[in-house]
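Residue numbers (the working numbering), protein chains in the order written: chain Y, 475 to 757; chain F, 475 to 757.
Please keep in mind that the hints were generated in silico from the structure rather than gathered at the bench. Take the hints with a grain of salt, since some may be wrong.
Each pair may be met inside one copy or between any two copies, as identical chains are not told apart.
The calculated DSS-like cross-link candidates involving lysine-lysine, where the alpha carbons are at most 27 Å apart (straight line), are [said to hold, decoys possible]:
#1 K606 to K640
#2 K624 to K640
#3 K624 to K598
#4 K606 to K546
Single-letter residue listing:
Protein chains: 2
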Amino acid sequence: MHRLILQRRPFLCVGLDTDPDRLPDHLRQEADPVFSFNQAIIDATRDLCVAYKPNLAFYEAQGSAGWMALEKTIRYIGPDHFVIADAKRGDIGNTSRQYARAFFEQLRADALTVAPYMGADSVKPFLGFDQKWVILLALTSNPGSDDFQKTLQEEGRPLYEKVMRKAMSWAGRDELMFVVGATHPERFADIRRIAPGHFLLVPGVGAQGGSLEAICRHGFNDQVGLLVNSSRGILYAGSGPDFAAAARRAALALQQQMEALLNRAPSASEGNASSDVFPDSAG
Amino acid sequence: MHRLILQRRPFLCVGLDTDPDRLPDHLRQEADPVFSFNQAIIDATRDLCVAYKPNLAFYEAQGSAGWMALEKTIRYIGPDHFVIADAKRGDIGNTSRQYARAFFEQLRADALTVAPYMGADSVKPFLGFDQKWVILLALTSNPGSDDFQKTLQEEGRPLYEKVMRKAMSWAGRDELMFVVGATHPERFADIRRIAPGHFLLVPGVGAQGGSLEAICRHGFNDQVGLLVNSSRGILYAGSGPDFAAAARRAALALQQQMEALLNRAPSASEGNASSDVFPDSAG
Numbered sequence: 475m476h477r478l479i480l481q482r483r484p485f486l487c488v489g490l491d492t493d494p495d496r497l498p499d500h501l502r503q504e505a506d507p508v509f510s511f512n513q514a515i516i517d518a519t520r521d522l523c524v525a526y527k528p529n530l531a532f533y534e535a536q537g538s539a540g541w542m543a544l545e546k547t548i549r550y551i552g553p554d555h556f557v558i559a560d561a562k563r564g565d566i567g568n569t570s571r572q573y574a575r576a577f578f579e580q581l582r583a584d585a586l587t588v589a590p591y592m593g594a595d596s597v598k599p600f601l602g603f604d605q606k607w608v609i610l611l612a613l614t615s616n617p618g619s620d621d622f623q624k625t626l627q628e629e630g631r632p633l634y635e636k637v638m639r640k641a642m643s644w645a646g647r648d649e650l651m652f653v654v655g656a657t658h659p660e661r662f663a664d665i666r667r668i669a670p671g672h673f674l675l676v677p678g679v680g681a682q683g684g685s686l687e688a689i690c691r692h693g694f695n696d697q698v699g700l701l702v703n704s705s706r707g708i709l710y711a712g713s714g715p716d717f718a719a720a721a722r723r724a725a726l727a728l729q730q731q732m733e734a735l736l737n738r739a740p741s742a743s744e745g746n747a748s749s750d751v752f753p754d755s756a757g
Numbered sequence: 475m476h477r478l479i480l481q482r483r484p485f486l487c488v489g490l491d492t493d494p495d496r497l498p499d500h501l502r503q504e505a506d507p508v509f510s511f512n513q514a515i516i517d518a519t520r521d522l523c524v525a526y527k528p529n530l531a532f533y534e535a536q537g538s539a540g541w542m543a544l545e546k547t548i549r550y551i552g553p554d555h556f557v558i559a560d561a562k563r564g565d566i567g568n569t570s571r572q573y574a575r576a577f578f579e580q581l582r583a584d585a586l587t588v589a590p591y592m593g594a595d596s597v598k599p600f601l602g603f604d605q606k607w608v609i610l611l612a613l614t615s616n617p618g619s620d621d622f623q624k625t626l627q628e629e630g631r632p633l634y635e636k637v638m639r640k641a642m643s644w645a646g647r648d649e650l651m652f653v654v655g656a657t658h659p660e661r662f663a664d665i666r667r668i669a670p671g672h673f674l675l676v677p678g679v680g681a682q683g684g685s686l687e688a689i690c691r692h693g694f695n696d697q698v699g700l701l702v703n704s705s706r707g708i709l710y711a712g713s714g715p716d717f718a719a720a721a722r723r724a725a726l727a728l729q730q731q732m733e734a735l736l737n738r739a740p741s742a743s744e745g746n747a748s749s750d751v752f753p754d755s756a757g
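Based on the provided sequences and hints, a complete structural model is requested.
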C-alpha cells in the first residue's frame, strides 16, 4: 500500500485539525459539519498528499459526537492513504495496550503519535502490530520544546537524542518514526546523524513558521525520509463557500515546492518512484 | 466542594480502568455493560473515597460507544467527588486548548493528567480554569520511569525534578498537582523537598506493588497532600455477581489503612477536618 502511495512522490501530510469554530458558515446546517468539512478537504487534496493526520484533540473537544465524526473521517479517507492518529498517547503498559486497541484496531489508523516521557513499557505496547507505526515525539515544533527536550543530560547530549537512541533499541525503522518540528532547521543535521534511516514526521511548516527548504536540505535521506505536515495552512486557506478550492491551491503550492526540492536532491529523487519508501510494508 | 469531600478524610481515589474483557458475565447482556459496571462500583465505594479517576484509554478502546459510557459515568459520579480524567494529554498550544475544552468543559472533569515532554506552552492552556487542576506527570509508577524521568540532567538532578520546578513556576498549588508513583517510596522525601505543599496523585499501590505505609511516611504534608489511587485492586477484587461487594471490601480495607496512617501522622490528622485540604477551592 505505502509503495503505491509513495510512487506519487509528494511527501505531504494534511493535518485534519478541524476546529468547529472555524468552519465555513454554509456547513453549519449540515448534520455533521465537522465530517462534511473533512470530506470536502479530503476530496480536494487526495491526489496531492500521501497521508492524513487527524488531531484527536479537536474531535474529543466535541465529546462522543466528535469521536463519531473522527470514525467516519477515517473510513472516508480509505485504504490508499496513510492515516496518522495524532494523539500523543503513552501510559503504563496495560493502559498503552488499550490505546493501541483504540487507535490501531478500533479506529484503524496506520500510525499513532506517542509521547516518550513514561519510557519503554509505555511505548512498546504500540509496537509489533502488522504494518502499524509508532511516531515518537523527539523534538517538537512548539516553543516549549526548549524546556525539556533540548536540555542537556549529564553526558552532554540533549534529551531528544536520548529518547531517539533508546527508542531505536526498541524498534526498527520499519515501525518507528520520529516527530521533529520544522521550527528547528538547525537540528536536522544532528537528527540525521542520530537516525539516518528513519522517517521523520515534520510539523510546523506554515502557521508555525518552519521553512520547507531548510528542513529538506538536511532531512532528506535516500528514501526521502520526510513526511511534512500542514494543517491550518491548508484547512483554513479559505473561509467561504470556496474553502475546499482554496485548500487545494494551498496543498498544491506545497506539493509543487516538495516536487522541486525532490528534483534538486539526487539521492532522494533517483529511484524513488520504484523504491519502497516505507520499507517492509507489503505494498 | 473539596472541603466537604475532604472532611471525610480518606484520601482514596478509585481508578475506573474499566476493561470490557474483565466484566462479570452477568453484566454482558446490559445495554451498556461498561456503564453498568461503573455504576455498581461507584454505588459501592461512594462513601469510601474522595475521587474517581476514569482512565481514558479503556473508554477510547471502545470508540464513540466508549466515550458515551465515559460521559454517562462522569455524570453519574456527580458533584460530590473529585473527578480526574486520566488522559496524559499535552500538545502544542492550540491543541492543548482543545483538550482543555474536551476534559474541563465537555466532560466536566475536575482535573486532568498532563504529560510534560512538550514543555510550557503544552501545559499552560490547561491552567487558569476555575477550580480545575492540572496533574502533571513527574515520576510515574511504571518500570519505564527509569528511562528518562530519573536520568540526571547536566546540573546533576533528575529530569522529574526539572519538570516539577519548571511547572511550579507556571502555577501554584491551588491548580497544580504531580503524579508520583507509589513504586518509588525512596523518592518521596526528595519529592517533598522539591514541592512541600503540592498534592501528589499516587498510583501504583496494589497491582503495581507500592506500599501505602512507605509513601505516607514521607509523602504526608500538613494538608495530607496525597491522593492515593487504586484501580485494579478494587475493580477486579471479585469477578462474579458479587463483584461490587468485593470491590467495597477492597476499598474499605484501603480506606481503613489510610485512616490508621492519618491518625499516626500528627500534622496531617490535626485540624484536617476543618482545614481546607484543597486550598483556594470555593468549598
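- Hints violated by the structure (listed by number, smallest first): No hint contradicted; all consistent.
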